[in-house]
Each structure stands twice: as structure tokens, then as C-alpha cells.
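Just so you know, the protein sequences line up as chains Y and L, in that order.
Quick note on the working numbering: the first sequence kicks off at 1 and runs consecutively.
Quick note on the working numbering: the second sequence kicks off at 1 and runs consecutively.
In short, the hints are calculated from the structure, not lab data.
For every residue, glycine included, the Cβ atom is placed at its ideal position computed from N, Cα and C.
Hints may contain errors.
[Claimed, not checked] Estimated spans, in silico, between C-beta atoms of each pair:
hint, chain 1, residue 1, chain 2, residue 2, range
1, L, Pro160, Y, Asp217, 23 to 31 Å
2, Y, Asn172, L, Ala294, 47 to 55 Å
3, L, Ala143, Y, Asp168, 55 to 63 Å
4, Y, Ala108, L, Lys167, 47 to 55 Å
5, Y, Asp168, L, Arg201, 32 to 40 Å
6, Y, Asp171, L, Gly109, 46 to 54 Å
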Amino acid sequence: MAFNQGTAGMSFHRRDFLLAAAVTATGGAIMYSKGLAAMLADGDHSGHDMPMMDRPAFIDQAVSAFSTEKRAQVSAMAETLLPRTDTPGAIDAQVPKFLELLYDQWMAAPEKQLFDRGLAEVDKQAQAAHGKIFSDCDAEDQKAVLEKMEEEQGDHSWFNFGGASVADNQDNIPFMALFKEITVVGFFMSEVGAQQVLRYDMMPGAFDGDTSLGYDDSSWAAVPFM
Amino acid sequence: MTETMNQASTNKTYDAIVIGSGMTGGVAARELTEKGMQVLMLERGTALNHPGEYIGEHAPNWSIPFGGLADYQNYKKDYAVQSKSYAFDEATKAHWIKDSDEPYLQEEGTNFEWMRGGRVGGRSLMWGRQTYRWGPHDFTANAEDGHGVDWPIRYEDLAPWYSHVEKYIGVSGQKEGLESFPDGEFQKPMEMYALEKRIKRRLARHASDITYTIGRSAVLTEPLEGRSPCHYCGACPRGCSTGSYFSTQSSTLPVAMKTGNLTLRPESAVQKIIYDSATGKATGVQVKDMKSGATLVYKARIIFLNASTIHSAQILLNSKSAAFPNGLANSSGVVGRYLMDHNEHSTNMGIFFDDIDRYFSGKRPNGCYIPRFRNIGGQDEDTDFLRGYGIQCNVVRLDHRFTMHQKGIGADYKDALRKPGPWVFAMSAFGECLPYQENGISLDESRRDAFGMPLVKIRMEFGENEHKMRGDVTRQADRILKAAGAVAIIPDDGSEKPISAIHEMGTVRMGKDAKTSALNGWNQSHDIPNLFVTDGAAMASSGNVNPSLTYMALTARAADYAAKLWKKGVL
């Protein structure tokens, strides 16, 4: 199954998927449905919603909600939270664009204001401590700014073990909770994050509850518990 | 099934009309059509064709809008209640009703979350798939402790119908040989996680009164009727084009369609059942066509009402006539009353240090189960509540969704989130809820929903017995976690939550006496011999196991009975 487990730069075409799904068949028992295959093959989805597996990635939409400066600041902040190491970082995974899309399409006015106030505060603190706006600080200073912000805001219940998502509870959420959650989600749910940082297997075909896990092995990409 | 083969006709008298296409409507349609009856199935929701129209199935994570974050502005507006369900997300959203289309009212101070399906297949599309038989004690509990009316049937009456249904819906599970937790016709059980096997061994030593078994689930582990075994992609409620979990679409509808005897009419909202006082029978149903807005009448010799617990009562209460001024089949006055839902609470959670080097492949859409162990064969000496509860258990290897809440910025934080966190063992108790007359629904005639129906007003609240039971759950969960070897226990915070097990039942209950119940032992109206109600509404008590299998077995049994009367010309 070529598309599994971190195939770099893999784009997800439906033919690959259908082929892969057929290959997955164990003892001929699992075959992908003819109905869905036909629906995808005809390529005309007018009149009904398109299967999500045949849609472009969420990140592939155009968006223009941020100024150049704002884009630079958000990029620097996302990369500071989740930097490129031996695995890709936030910028590699297009997280800055994800945040811009969320700002444009997902946040209500109060959350947009919270986000904007947070960015202003980040720049203010960068100026006060390091004499420069956040994007112009070096990586170590950028990290120090966000750590200090987190310390100031970190007594909120979002920071509890198993805290509630900012999407489920917008009451008095601090900026750093909003920023961390949407950055983490954008990163690990991205194609790069799921395949090159985590491990991804859409059609496992079998369950094994006793595989071995090495010290440095990544988690599976998330699938909701339903 | 790709399209409706037969066109519905208002000129024809069908042998039977089935109202609703969910869990039990599908079983009714399958059973009746297989016996040769011409059946019209009416569904309020829109068509959803198997296997090609599950738009969220196998959606890559990066295709899901907003990375799967709840679209809270939209949900507050249109899905205020439905979006609270664990099975609701952008990839399943199309399977639910819009709360803005059909709001409901609640008595002040009560909080019940009413989850509803918006497509053909109803909630069988998004259900949790846990599949358990009632035990013999469940059918005698009302008679023994005096709460509710005695069931008109016993376990032995339903046992063959459990078998009958299990064989075609497909249930995987492990036989345990317990009288109070009867085994069924199982496909091979799903595998346990290493940690679950370890917990099972420890419980056998340190809490030997506890049975810990793999969940009995309507997810296939072996082929069945052209359906494939589970491929472990994990998010069943998005739909399954291989038909690996039971739904109307995967199982009952294709068989009913194949007989040639079924006509399915989606977007057909039943307003009322029409009663003929001359014959004392129901003659058909009045339907609002949701496409054209037209009011249509369909006729049948037999009516199966399977609209789901609250909607079935709503339809009966809305079907008033001179003969039935309080609603059809309601000479007893019980229709709409004795609503129950399971006393469900997530409880203490354990953190484990075992099997840190063990992992998994495949997303098993199933957990483990601890069947009821309290008050079996009589009241336990140390309980202050009646009846009991079972516990659904899940071991979960935490990932970034949980660990992101920790402090940290930078490479160390990223690496901590990239790798699996500890194992946790989470438990959710489902307790029996006693039937209380004051819990139920009424209609507000002054307001109508998008389907033209008067709004439902719900009053659902737990009583003292349920609250006491929850206290016992917390104590027992602590004992179980210690016996299982948890290194840390996070206790239940005891907070009050909405009632939301999605196991609502009652409202048109069965019983022996026509004065205190609406249905007899065949799910047949005491008042109207050609009216059968076989969804959750028929339940005279709630038991504690997940109820769908019992509804389906009751439906198959009632359908067999009705078909025999039809064949004899009695109905």
C-alpha cells in the first residue's frame, strides 16, 4: 500500500485509492464497493455532495484574510510552536495558511478579536523584551516570548489534562489556548503532519492489538472515536 | 439498493405500511416483505443510497473542513443538540437532522438531548453498534419490585427471535456462559489489545465477580449476505460501503428490496394515522410530501409504527379522533408517558504504566464490556438502589488530541505530541432507569416544525434510584481500576450532565392490562388490532444493556405474528 505511512509528497488521487483498496483485500473478502467506484469514476458530482476523499484538501482553497505582516507573524509563531526538526514543521505543513483559513471561515467575531489582540500582545512583548517585532526576533527569543505568554495565561482550564476544545467552550479562553489548539490541529491533520510526522493508514484491513512500539515511534494519525 | 424500484401509489391498499426506516423499520420491512406482503415504507428523511453515497467515508484527515474542529458557529445555529453527539462531525453531519428544522421544547429544569437521524436508515447509520441480549431478570424486574407494569413476555418468548435477528444482522462476540448475560449467535470475537488481555487476567484474580469481555458488536468479523468483514478504518458512523456494520442500508433494506415487495418513499413525513371508527381499525396514514408540500393519504391493512420512541408517540398523540380524543391507541392514557433513557455516566478513569511498548494497528470500532454484576438473583446486601448497570470500557492510547493541553513551546512539545501518550482505561456505565409516569412527552399545538408536526415538549429527569446507582458506579469503578492495575485514578467529578444515552424508550409501553398499557405481548395495540408499535416506544422497562437488539427482536416477532394474521385474513 504505497500511500501508507509517510510517503512524502503523496497526493491523494482517487484511482490510487481504489487500487490501493483493492490491494488491501485480504483473501478476497474486502473489495471496495462498485457503487462508490462508479460514482467517483463518472466524475460528475452535481446534485449531491461530493465524497470527502475526492475533494481537494481543505488547505488547497484560496484565502486572503491576512496582511503580509500578519502572515509573517503567524508563520513565525506557528513554526516556533511546532518547528522543523528531524521531521517537518508547521510551515512545511502549511499551518500558517490553515490558520488564515480558520480566521476567514471558522472564527466568529469574538475569536477573531481574541486572535488579533493576541498577535498584538505577542508583538508588544517581543518589542519590550527584545526590541523587535516577533517576526524579526531570533528563534530563541521567539520561543521565550510565547513561553512567557503561556505562563501568564496558563491557569485556564484548557491547560488541564483532557481540557475542553476551544471549539466546544469559548468562555474566557485565553489567546494561547486558541493559538495552540488550532496550530496543533492544523499540523497533525495536514497531509504532511499525518504522513510524515505521524503515521497514516486509511484502510488497515485488520486489527492487531499487540504490535511493538519503539521509543521514537510516532502515533497513528487521529481517527475520531465513534 | 440504488433506487426505489416501486412507485408509491395512493390508490393501492398495501398489506402493510412501515413508518420509519431506522433500526426497527428496516427489520419490519424485511420480515414482512419476505413473507410475501406488499409493504410501503415511509421515511421523513432524504434518500441515502448504499454503498455509493457515504460522503465522509475514508475521508483523508486533510480533506475534512477545519481539520475536524467543531464548526461552532454553524452548529449553534443549525445543530445545537445533534452536534453534542460523539458521532457527529463534518464527515457524518449529513446523517443527522437539523435542530433548526425541528426544535423541541423541554420542561424547565430538565435537560434531555434528543438525537435524530435525518436520512433513510435513521440512527442505524450512526449507532454505536453494541449489541446485547436482555437477561431473564430484565423481563421480571417490574413484577418483582413493582415499578412499571409487568412485561407480557419473558426471556424465553424472545430468545428465538434474538437468534433469528442476530444471524442476519451479524454480531461478533465472545460467549461467556452467564445466565444473566445470555450468549447469542456470534461471529468470532474481535481481538483484544494487549492491555485488555492483561486487565482481564488481573480482574479474574482480584475481582472475580467481574466479567470482562470483548464488546458484542454488530460489526462483522466474517462475511455475511454479501457484506464484508470489518476493515478497521475506525469511524463507522461516516458510513460503510462494504456493509461491515449493521444498518438498514447494509442489511435489511437490500433484502426487502430484493423481494420486489417493498416500496420505499423517502421525504414522506407521516402526520397521523387514520382511524375508521366503523371497523375499529387504522386504514392508512396521512403524509406530508417534503418535496411538494402536498398532503397524501396511503392506505394499508396493517400499520407498523417505527418512527423512534418519541416520534412514534408524537404521531399517535397527533392522531386524534372522536373515538380517541387523547390520541390514537391511547385509551389507557399511557401514550407519551414513562419515557426512559439509560443512566449513563462516564466514570473514574485509570492511567496505566503497563504495555508502554505495545501498540496496535487498525482502528477497532469496539470496546470491552463488563456486564451487570449488581443485584443479580436478588438484592445485594450492600446496595441501596434497585436493578443495575453494565459498564462499557475502552483502553485508549492517548495522542495529540489529549496531550496538546500540556504546557510547552517548540521541539520538545512537538515531540511529546508526536509520540503516543500513556494508556488510559475509560469506563462509561449504562444503568437502568425506572419508568416514571411524569417523564414523557406532550405536544405544543401552537407551534409546528418543518414537517408540519406540533412541537414535542419533553420532560425527562432521573430519580433517586438513578442518583444512588451513580454513587455505586463510582465506588465499583474505583475497585475495578485498582484490581486492573491502574497506577493513577482520575475520579468522576460528579457533575450533572444532560441525559443523553440516546437509548430513549417507553412512551407506548407493552403490558398485560389494556388499562395500564398501550400494547399487548405482540406489540399490538390493545385498542386497534392492526396497529403495531415495535420501536423503543414499546418498552415497559429499560434494562441496562444497549437496547437496539431487543427492539429488533421484538419487531421480528411482532412481524411474524402480524403476517400470520394477514395470511389468515384476520387482519
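Results for each hint:
For the pair Pro160 of chain L and Asp217 of chain Y, the beta carbons lie near 50 Å from each other, so the given range of 23 to 31 Å is not met. One distance hint, 47 to 55 Å for the beta-carbon pair Asn172 of chain Y and Ala294 of chain L, holds here, with the actual separation near 51 Å. Separation of Ala143 of chain L from Asp168 of chain Y is about 44 Å and departs from the stated range, judged on CB atoms against 55 to 63 Å. Taking 47 to 55 Å as the suggested C-beta distance range, the pair Ala108 of chain Y and Lys167 of chain L conforms, at roughly 51 Å.
Asp168 of chain Y and Arg201 of chain L have their C-beta atoms about 37 Å apart, which keeps the hinted 32 to 40 Å range intact. Our hint of 46 to 54 Å for Asp171 of chain Y and Gly109 of chain L is violated, since their Cβ atoms are close to 22 Å apart.
In this structure, the earlier hints numbered 1, 3, 6 are contradicted, and the remaining ones agree with it.
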